[in-house]
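Protein chains in written order, with the numbering used here: chain E, 1 to 375; chain S, 1 to 375; chain Z, 1 to 375; chain A, 1 to 375.
Just so you know, not all the hints are guaranteed correct.
Facing chain S, a subset of chain Z residues (Cβ under 10 Å, in silico) [unchecked claim]:
1. S78
2. L90
3. R134
Calculated directly from the structure, the hints in this document are not laboratory data. Just so it is clear, CB atoms sit at the ideal spot from N, CA and C, and this is done for glycine as well.
In case you want the letters, here they are:
There are 4 protein chains.
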Amino acid sequence: MGPIVLYPLYMTSSIGNIFRVHTFGESHGPSVGVVIDGCPPRLSLSRDEIQHDLDRRRPGQSSLVTQRDEPDAVEIMSGLHEGLTLGTPLALVIRNEDHQSGAYDHLKDIYRPSHADYTTQIKYGIRAHEGGGRASARETVGRVAAGAVARKVLSEHSGIEVIAWVKQVHDITTSIDPSDVTLDMVESNDTRCPDPDDSERIRQAIVNARRDGNSLGGVVECVARNVPVGLGDPVFGKLEAELAKAMMSLPASKGFEIGSGFSGASMTGREHNDLFETGPSGEARTTTNNSGGIQGGISNGEDVLLRVAFKPTATIASSQKTIDKEGNAIDLTARGRHDPCVLPRAVPMVEAMACLVICDALLRQAAIDIFPHIP
Amino acid sequence: MGPIVLYPLYMTSSIGNIFRVHTFGESHGPSVGVVIDGCPPRLSLSRDEIQHDLDRRRPGQSSLVTQRDEPDAVEIMSGLHEGLTLGTPLALVIRNEDHQSGAYDHLKDIYRPSHADYTTQIKYGIRAHEGGGRASARETVGRVAAGAVARKVLSEHSGIEVIAWVKQVHDITTSIDPSDVTLDMVESNDTRCPDPDDSERIRQAIVNARRDGNSLGGVVECVARNVPVGLGDPVFGKLEAELAKAMMSLPASKGFEIGSGFSGASMTGREHNDLFETGPSGEARTTTNNSGGIQGGISNGEDVLLRVAFKPTATIASSQKTIDKEGNAIDLTARGRHDPCVLPRAVPMVEAMACLVICDALLRQAAIDIFPHIP
Amino acid sequence: MGPIVLYPLYMTSSIGNIFRVHTFGESHGPSVGVVIDGCPPRLSLSRDEIQHDLDRRRPGQSSLVTQRDEPDAVEIMSGLHEGLTLGTPLALVIRNEDHQSGAYDHLKDIYRPSHADYTTQIKYGIRAHEGGGRASARETVGRVAAGAVARKVLSEHSGIEVIAWVKQVHDITTSIDPSDVTLDMVESNDTRCPDPDDSERIRQAIVNARRDGNSLGGVVECVARNVPVGLGDPVFGKLEAELAKAMMSLPASKGFEIGSGFSGASMTGREHNDLFETGPSGEARTTTNNSGGIQGGISNGEDVLLRVAFKPTATIASSQKTIDKEGNAIDLTARGRHDPCVLPRAVPMVEAMACLVICDALLRQAAIDIFPHIP
Amino acid sequence: MGPIVLYPLYMTSSIGNIFRVHTFGESHGPSVGVVIDGCPPRLSLSRDEIQHDLDRRRPGQSSLVTQRDEPDAVEIMSGLHEGLTLGTPLALVIRNEDHQSGAYDHLKDIYRPSHADYTTQIKYGIRAHEGGGRASARETVGRVAAGAVARKVLSEHSGIEVIAWVKQVHDITTSIDPSDVTLDMVESNDTRCPDPDDSERIRQAIVNARRDGNSLGGVVECVARNVPVGLGDPVFGKLEAELAKAMMSLPASKGFEIGSGFSGASMTGREHNDLFETGPSGEARTTTNNSGGIQGGISNGEDVLLRVAFKPTATIASSQKTIDKEGNAIDLTARGRHDPCVLPRAVPMVEAMACLVICDALLRQAAIDIFPHIP
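Extracted from the complex, chain E is given alone in its bound form:
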């Protein structure tokens, strides 16, 4: 390798303006976790509510996902007092248990294709090679824990509901009506595709990919319902801009759409425009929702609807050509545990990020009689 020398200044492990989330932790270090600053005080919150969402993203849930066995038990280290938030930072820690670090020894000096090994090494001059370190999807544990708290704020405040599901895996596309999907439908099977027939085809495709030592990409769709009019802060803090950033910061994501998305590019204005009409309570409604619930960067009261594309898992159990740190050509076959398709476990991650962004926008908006005080 030539003498590429860079001097990194910082990682940005924080997101949010009012509801601020600071994550930490590597895949095979002592723990992963998160500090949440800016959570409203007097929010009723229990450890179980957070654990519930962690269990949904947990590895080892089914034969479709990685067999790493992690209880992912969360401990609340600060910020809670007799079941109520104090308005002080909530620190949540989840210890890593099932390390098996030795399984990664052979990767110490190898750059795995389409992983972050090479770029991390060059940027930082050091990396925790076991399981990808901070570049591992395990980093999302802190996000999901924080997302559970954000979800509680949303539900307490105004019944905002965020649901995501698998819309596509490889060439298996589905036609799911976003307005029909319930959380029960999503959780009814281990693919997290709410249509039973499509789910079965997806399950089979993932099983086949694993058997072939291959992996599959796909698309997660997500809806946020009951979002009040007015969330999002133009011009750079538009709601879709913050959502795009949040989703594109997830491992393996390659694309983001709001409303009509890329299909809107091949439409005419006459087809695409969402006409206003007056709703039953005298409120403004639109007859269609190509806008995806956001106009001019601000929520308009319709369902916020988005999609995120994920690439196929980079780790595959097949031989691949690559190089090591010295530039020597290598034939690599992955060991270690991994998901043949990230989509089922990406669903709670997408939900978490949507909850974080919308909660932050909501608190920014200070639609504000959330937690009245009785001094």
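Position chains S, Z and A against the provided structure of chain E, taking the given hints into account.
Chains S, Z and A alone, transformed into the frame defined by chain E:
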């Protein structure tokens, strides 16, 4: 309308961490502009370099775009001393000239379909209805001016080159090899599609849409070349996350892709993985670029390649149903001046946002012997 | 000089979290000014209200201050619509008129004692030597303009009133009861000391210092009345911490105190503690105010009371030893125009910074029925 | 109490721009701690180095301080790999052990004089009354842990050395030459006053105050040596402004001075100006240091010298009048454990804050070949 009452806290008219850009200005107010804080000192910079990029996004350039006649002449109000930047804030002001505000009087109380009129009114309780106010594409003047400064930093530093072009308009898709495109090819025609045949078909489609009182969407593609390895700050400041936010903050954008994008969702890992090999100077290279030049949120030295989907212009010269502030049904036919297709003018906007994000990542990275001092 | 080489990353010309202020401009460049982002919408605001505060800090007001003749006429470039704020960025520009740049030619390569010439040159590798460039007190024009807007927000919201005055000049100390001072008393004489006798002694001292080619330091005291309980954000955004940062960012400031300040260090707890009692409306009040209106970083409803120490003006009309860029010893006698004592003009600057900090804390607090919307 | 109703948005438990510190934890909750984001990679760091500074601020060290018995054992939860930092967030957790929460039951509804009880209750509508919750000085554990990491960065980089000491307690003032003080001198006695005679007088005064059920205030002085020219970011991020904010965010601080401080207010320019001369290596030096090592907000290479005033501890073992939440008058005599004088333990807190601010300024400055990579 029902008593929807929200109390907005703020607009977020700032972007960037080190190279910080603060834009201001409404479509029909006294001026639009930008303050850039964090520009490196001793950068050679002239008013003409900024004006050049402003001229590219200027209205009234061709029959394909709005006929609003704005000279868009920039004035540098601070931060420059004898042709060199001082490291202090650069304030750039462009006065609005061709107001024709009266043309918007009939829209004062009307919510135009798929515009920001309704959401702005509810969020802020007030709006400058003339030309969309701050929600107008005219807001991007400040972005393009700042982008020109960022572009200068990039070219002075390391020859990083950012070029965008029109890849699709409506159903006219093109097959352009991103590695071939030059700025001259893009600027050789008024569609900003670098392929002459495709360009002519696009030109005709836009002319037809205008004649029909309709509008068209499309896709802009953008490449950044010579990006050093190491830009981007995991986990929330990943390079593609910052790019996604920047692009999705542009008016009318509906989707964002990096590298393989949504097409990556229907690929397998064996197809999608970018294999490493050793390049001619001993550096690591990839044999394909599905990653779009970014792995683990950090640039890997390959071309950064992205696409942005734009919806068809919301303003069309046809009758549409909508409502006014009182909830009364209205038949609306647009007056005022507008683009039947934003794509040609979106090209310099996408370039500007890419320059801003990459310049900020570069300065964050402090790859730092940019401007050696001789005290 | 030895080869000291640093690579500066940025100036931080922004302050505030919700009410965000971005200043720009050098002493002898085209203009100075400010962009305010986050000002609440629907605030009634006129150019005259801003001009009023600018006139108070303007040079050339009396024989006690610099004779630079600047009209300091503010132009509102964006953010206002028919006399109401839009919630979009307010851009305010004040052109520099009375340059006399030639008067500074002899200082091009000289480091003036106790000025920012040397540090600016080393940090940035460049400086606008005319009048101190961005390090000039002229930089505070943008602060005072923004402070006038903040003051309007405070007065519209809850009658919060911010008044500062000269408490000490050189060895002339005064005993002014902060609860008695009115703006009229402060503005009744050109020293801005509200006690007529003390004011006369201060006036004479400044006149004498000017005649002797010398300069004087002093102390400004400032009170904020009618501050609601609850402003300030522990632990790092405590109200006194934000006030201290704001005041210590003013040119020539050397010290900051809240409440008892340094005198509190020589007190006992029994003397210093502010005992609570129940006020006439059943509210909690304290019988003394050593806390200066802030407890645990949060306002307690008593007057917020602070003091700022300013050093004597560094520019004096006497011969001083110094060096030039080459390290050669120099005898320097100042030309150019300057204040023999910054205190009278520091008063509106301190007021402005207090208004900015309290306004930002107030909006953070979202005590929020400030501007009810009528959608 | 009347119906004071506020809706708090957030606590600001973060400080720093590049070296970003997020603290968490209440006095009697499960733990206190900190997440540090932006620490340079490849920094050699051990648990013991952090523990060393924690031990200095630990309660129960001597008869002069609170007898709460806390081991304050730090656990590193992430960010370290084989003794080197990864450039990823460092999470440090210290569990609270010696709770004795029951000792605070009688304070549940009482507002202690000059504590944060009242303002916290009104702002958040809830508080952890045991030991002051987040308003306790125990909150500074996280700061001191982060300060130890910052100190390591400073020493590795350029031998920057930060030392603080007790300069005054009550009416016992000392005349210590800041250029002479060593860490050993400070740690040689339990008052942390480096002069043995003064130290003994201070020790006796504190012992007397404790016996009398009273408490004492004082002043900490702090020097940073070997600071390179160029740190600090005008205009709002001036080095003294950031230091002032950091110090005034410490519990019980009432005043801040840089260099000459308040005494500079009674000086003339001829006395106060620091004349430049050429130093032995051809560098610019000043013959005096009234500037306190900072000119125009930027370090000038001389010692950075500051002072912080602390009020007497609010908790005293004497009867005081106050009120409860209902507004009833109460006679209160403190129980629980507390320091009769915070000064000895404030020394490591002041050092930690100075290290954090200077480290952040240093990394902002990117004086940048700190940690060369060997890819």
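For each hint, the structure was consulted:
no.: 1; hint: S78; verdict: 4 Å, holds
no.: 2; hint: L90; verdict: 8 Å, holds
no.: 3; hint: R134; verdict: 4 Å, holds
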